[in-house]
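Trainee: Residue strings, one per chain:
2 protein chains.
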Amino acid sequence: VKPAPVGVKALAFDIFGTVVDWRSSLIEEGQALGTRLGLKVDWPAFADAWRAGYQPAMQQVRSGELPWTDIDGLHRRILNGLLAERGLVLAEADAAHFNRAWHRLQAWPDSVAGLLRLKAGFTLSTLSNGNMALLVNMAKHAGLPWDVVLSAELFGHYKPDPEVYLGAARLLGLAPAEVMMVAAHPSDLCAAAACGLRTAYVARPLERGPGGPMEAWAEGEFDLACSSFNELATALRVR
Amino acid sequence: VKPAPVGVKALAFDIFGTVVDWRSSLIEEGQALGTRLGLKVDWPAFADAWRAGYQPAMQQVRSGELPWTDIDGLHRRILNGLLAERGLVLAEADAAHFNRAWHRLQAWPDSVAGLLRLKAGFTLSTLSNGNMALLVNMAKHAGLPWDVVLSAELFGHYKPDPEVYLGAARLLGLAPAEVMMVAAHPSDLCAAAACGLRTAYVARPLERGPGGPMEAWAEGEFDLACSSFNELATALRVR
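Heads up: the sequence lines are chains A and B, in that order. So for the first sequence, this note's numbering puts the first residue at 1; every next one is plus one. So for the second sequence, this note's numbering puts the first residue at 1; every next one is plus one.
These are calculated hints, taken from the structure and not from any lab test. Quick caveat: nothing in here was measured; it's all calculated off a predicted structure. Possibly wrong hints are sitting among the right ones.
Any copy will do: because identical chains look the same in the list, a pair fits if it lies in one copy or spans two.
To be verified - As a list, the in silico DSSO-like pairs of lysine-lysine whose alpha-carbon atoms are at most 30 Å apart:
| # | residue 1 | residue 2 |
| --- | --- | --- |
| 1 | 9 | 119 |
| 2 | 40 | 9 |
| 3 | 9 | 140 |
| 4 | 140 | 119 |
| 5 | 40 | 119 |
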């Protein structure tokens with residue numbers, strides 16, 4: 001492990017997969033919905049398919065094929081497609097509530113305690129493709145103690161577009177090198193590093209379920225690499 | 001007092017004067033600076049003049065006379081003018097530090113306790129003309145427990161332009177009537193009400209010093225009127 005970088009004042013956190021466990025949360029919400037409505041669905045596969053629709057949907061926005069659409073809107077488009085493929089019909093209120101499961105994702109077990117430690121030493125920001133309302137509702141629901149909520153929505157660009165990383169540093173009144181991106185996804189960290197941000201990789205081996213795939217990365221590729229927010233706090237010399 | 005409005009989900013707080021006591025804070029910072037550098041200045045008058053420059057400076061932005069300039073930039077322009085008028089010359093580091101006194105304003109004595117009560121029942125947002133970095137640094141410094149920091153800076157418009165109030169509701173994913181503006185300034189509340197927001201007036205009789213002027217308002221003009229954040233929490237039925 002390299003020495004902790006000096007001069008970092010704010011930590012910018014990726015959310016889905018890094019701070020919250022989207023897969024388990026969606027499976028649980030799906031199972032509850034299925035029980036209530038008597039639906040036979042493979043909910044782990046459904047959760048994976050919902051998430052798999054996310055990058056292509058953002059690419060449609062990036063390419064201009066879709067006008068700017070927030071993540072609530074993209075999640076709903078993907079959900080509608082998955083339901084149709086499976087011949088499932090939900091009442092509008094049920095579909096809307098299920099789509100908002102993304103506002104109710106549960107934190108990884110170490111997230112809140114680690115963030116509370118880190119908050120004593122740094123400004124803690126979200127930096128997610130999730131829209132502001134989603135991030136605010138999630139924080140309230142999961143008890144995530146952000147100092148400030150920043151979203152791709154504020155910049156009209158989705159990560160890994162540079163506008164998001166540079167926009168966050170600008171709004172925080174900091175130089176890019178004073179901001180450290182924290183993420184479980186090497187691609188997100190590489191894009192942040194290309195904009196001059198510092199980077200901390202946090203391994204989340206269960207993001208795609210036990211034995212699920214993880215993006216490859218190389219030792220030394222990031223400023224820090226750890227396996228929990230508590231380890232990150234220790235690496236950053238926070239009590 | 002009218003019954004508390006139903007359906008309010010988020011409270012949007014004006015900051016300067018409503019949550020923090022800009023005048024006492026600036027006077028204290030000025031006095032400390034004056035003592036350190038041996039300056040003879042009437043600091044209460046200086047603080048009042050600095051604040052008095054604020055509305056005309058925002059009007060220059062609104063009229064297009066100035067391009068978009070954040071509050072840090074406007075405060076610095078005003079500060080430079082006040083120093084020049086008084087024949088004072090500060091080293092750049094001193095001027096920059098003094099300008100950032102606006103990031104270090106102290107909360108009114110009831111602010112933090114009241115906000116902590118309100119946070120149990122509502123999403124708490126800033127809605128200030130202060131820039132994001134100023135608001136984030138102030139929250140960290142004064143211990144203000146926001147769920148989300150929203151600023152005029154995100155909308156490229158200063159209050160009382162409607163873009164600010166409507167933009168806040170949009171980013172929160174709420175209808176305007178689900179957002180209550182909280183402010184010590186009737187003009188701010190009237191502009192919010194014109195956009196469909198609910199309104200709570202909080203009297204801050206010491207904002208411009210003991211015996212200082214206060215904007216006039218009429219009984220019944222706002223959904224709620226109270227004299228502290230604790231009273232507001234009680235009026236909103238928060239424990």
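Trainee: Now, for every hint given, state plainly whether the structure supports it.
Mentor: Now for the hints, and whether the structure bears them out:
{"no.": "1", "hint": "9 - 119", "verdict": "both (11 Å within a copy, 26 Å between copies)"}
{"no.": "2", "hint": "40 - 9", "verdict": "neither (49 Å within a copy, 36 Å between copies)"}
{"no.": "3", "hint": "9 - 140", "verdict": "both (24 Å within a copy, 12 Å between copies)"}
{"no.": "4", "hint": "140 - 119", "verdict": "both (16 Å within a copy, 9 Å between copies)"}
{"no.": "5", "hint": "40 - 119", "verdict": "neither (43 Å within a copy, 40 Å between copies)"}
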